[in-house]
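Asker: For the record, the sequence lines run as chains A and B. Note that this note's numbering gives residue 115 to position 115 of the first sequence, counting from 1, and the numbers run on in steps of one. Note that this note's numbering gives residue 102 to position 102 of the second sequence, counting from 1, and the numbers run on in steps of one.
I should point out that these hints are in silico values taken from the structure, not numbers from a laboratory. These numbers come from a predicted model, not from an experiment. Each hint should be verified, as a subset may be incorrect.
Identical copies look the same in the list; a pair holds intra-copy or inter-copy alike.
[Said to hold, decoys possible] Straight-line distance between alpha carbons at most 25 Å, and here's what the computed SDA-like set of lysine to any residue pairs gives:
#  : residue 1 : residue 2
1  : K109      : K384
2  : K170      : L14
3  : K384      : P71
4  : K384      : G298
5  : K144      : A176
6  : K384      : E190
7  : K406      : V182
8  : K223      : T20
9  : K109      : G192
10 : K109      : T189
11 : K229      : L14
12 : K384      : L408
13 : K223      : G324
14 : K384      : A216
15 : K144      : N45
16 : K223      : Q73
17 : K223      : L14
Number of protein chains: 2
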Amino acid sequence: MRCEIIAVGTELLLGQIVDTNSSWMGEHLALAGIDSHFQTKVGDNLERIVSCIRLGLERSDAVILCGGLGPTQDDITREAIAEVMGVPLVRDNEIGERIRALFASRGRKMTDNNLRQADVPEDATVIPQMPGTAPGLVCPVGDKVVYAVPGVPHEMREMLNGTVIPDLQKRAGLTAVIRSRVLLTWGHTESGLAEMLAGRIEALDAPGNPTLAFQASGIEGIKVRITAKAGSAEEAEAILADEEARVRAILGDVIFGVDNQTMESVVIDMLRDRGLSIGIAESLTGGLMGARITSVPGASDVFRGSIVSYASDVKFSLLGVPEGPVVTAEAAKAMAEGARKTLAADVALATTGVAGPAEQEGQPVGTVFIGLAMNDTSEAEQVKLPGDRQRIRQYAVISAFNLLRKRLMR
Amino acid sequence: MRCEIIAVGTELLLGQIVDTNSSWMGEHLALAGIDSHFQTKVGDNLERIVSCIRLGLERSDAVILCGGLGPTQDDITREAIAEVMGVPLVRDNEIGERIRALFASRGRKMTDNNLRQADVPEDATVIPQMPGTAPGLVCPVGDKVVYAVPGVPHEMREMLNGTVIPDLQKRAGLTAVIRSRVLLTWGHTESGLAEMLAGRIEALDAPGNPTLAFQASGIEGIKVRITAKAGSAEEAEAILADEEARVRAILGDVIFGVDNQTMESVVIDMLRDRGLSIGIAESLTGGLMGARITSVPGASDVFRGSIVSYASDVKFSLLGVPEGPVVTAEAAKAMAEGARKTLAADVALATTGVAGPAEQEGQPVGTVFIGLAMNDTSEAEQVKLPGDRQRIRQYAVISAFNLLRKRLMR
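Use the sequences and the hints to build the structure in full.
Answerer: As structure tokens, this is what we get:
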């Protein structure tokens, strides 16, 4: 089963909006066992949208159109599909009433334009929608099919997972359930992980179920995705659990989390479980450590605060770092000890180093020291980080949280 | 002149990487007066890449291929173009030597695969490249043209601006120079700005030179882009300068910066010009203010540090905030005063408020107080911010910097 994606909107061609919807859809189609060989962006032009749909139906079994379902004159996805189907648009009174009711409930005046969203190509099925006003469409074209979903990401996602993908799987005769789980790793390159897992990947290659795949995710480390196919969700989950255990036995504490966890959410959970509070002292990271930890709702359970001691004399006066060079293991330790005391925390992390663009205290760009204070002792670790200023800062943050994670696991 | 964009790479279809290159190219083609009606993503498959190029040459005058120029077996953009041109690939010895020299200079061993990057379709012209190893290509196909550029963003950008766009403009007989300038605004909605500028936009509508356009840019406010067309760069710049002055006369200090500036870079420049240092106290922003200010190289000229007082008692003990409720104007002022004193800074900013998900001290999510201490006085401003936890935190940061910007302008 091959399904193309067509993202509709002149603003996409002009680069005013980056088309993240197609990427998300491509990922989820692939996970559902459906190939997507072409993805196209086209502007709000009837003739060109129609030509893209026709081409998609020639090359593939199905087409998903995303966007152009709104109330304005620019929104012509409905018209384009009707033209390809060779049918008229028919106003769906039920949808019309719902749109009227929505406006009434919000106390807003509805212009007639909004009722265009109730126009549906004859013979199309409507995908019921939750909060928005524009319904999605399932439009048969011979033995092929065109879907239309809104460009609003959460509405698109809901319709794709709830209607489009199950319908595609049914059409493809795919009765298998496909599930996947992502193991998050930190500290190894993709080729390093591939080497560690080479034996396991080879052993899996024959039947191909489950499969293992690597995915770089920018500054957040490398993901290992396990995908399993089975007759039922329970069976698929059991395969995932078994494979996760095998991969964990090989990679050990290189794996820091699963699926939607993050390094900071994992560290917060570990601290909460142990009844420990954390304080932070930052230099080159400039506040990023505090920013990341507080991006997690509930961070206040464990997070006391952070002292961003950017100027050296702030390190001396507020954190009690001895006067002298500050890009050193000793300074990192002293910063952590100072943060633990000043913020009255059980545990403290500290970062000091050279983010660039210029070297500092004779240390090259990328030199970072991480300090950790806990149980009245402190330690420091030196790391050499690659990349530009922003990347070095981000890597320093995740490296520091990872050091604490490993320390807490001991 | 119509030019299509084809982004090559299976990882794009699978959603492992979001295709931001096409968006960037679309924007810059449009600014150069070149239409881009279709943008396609296709995987690393020879037949499908070839079909996309042929289709692009049918529908448009030119095609830009992005990606697939690397050294691995997956990288087959060169082969696909040669097939469309009906010519063989020829090894370019000069490029081969450069690749060898590059590896030698880095002390790394070169595998033969790397020399594939020296293979060029017969009759193609090579685009010289700066740091990377893969050269770009200009490939004539009849009276049309195919360009190939690497997927590495900075290499792609350099080749597009340096070679592809000038070549397209020459082919299109576009002798006009097009220049644009972006004015960055904060504090008004797009429709609010449109209303303020309605008279000016109407006055410009007849000749259409310069033009004004609005562009939302997420959390960073609304951009107003001025685009001018003229016979020379000097003339175009003069039109831009004139129009900028007119727009500034209407919008006033709603405009906080131009082009690549950011709210934090503007504030740093203002502080540096005035010889002032800054300290920060953060609560709901958790370190984001420090993180943003230190993302600018040279922040150390003015930035002393930040005290992230997330727990209330840290506000009391470290910043001298009077015990009691902390989501108040008084607490924001006290935090700013405390930060100014503790960090020995000339100026201090503070944020306290409710980022959610739950309300706090009876204050609804989105309630934020910004404190500002300067010249031995302090003030506080309350703002109501929309959105979820992350958005409220980001808006709070930029609102705080904006308050300081306006205070410094007085």
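Asker: Just pull the numbers of the violated hints for me, sorted ascending.
Answerer: 3 and 13
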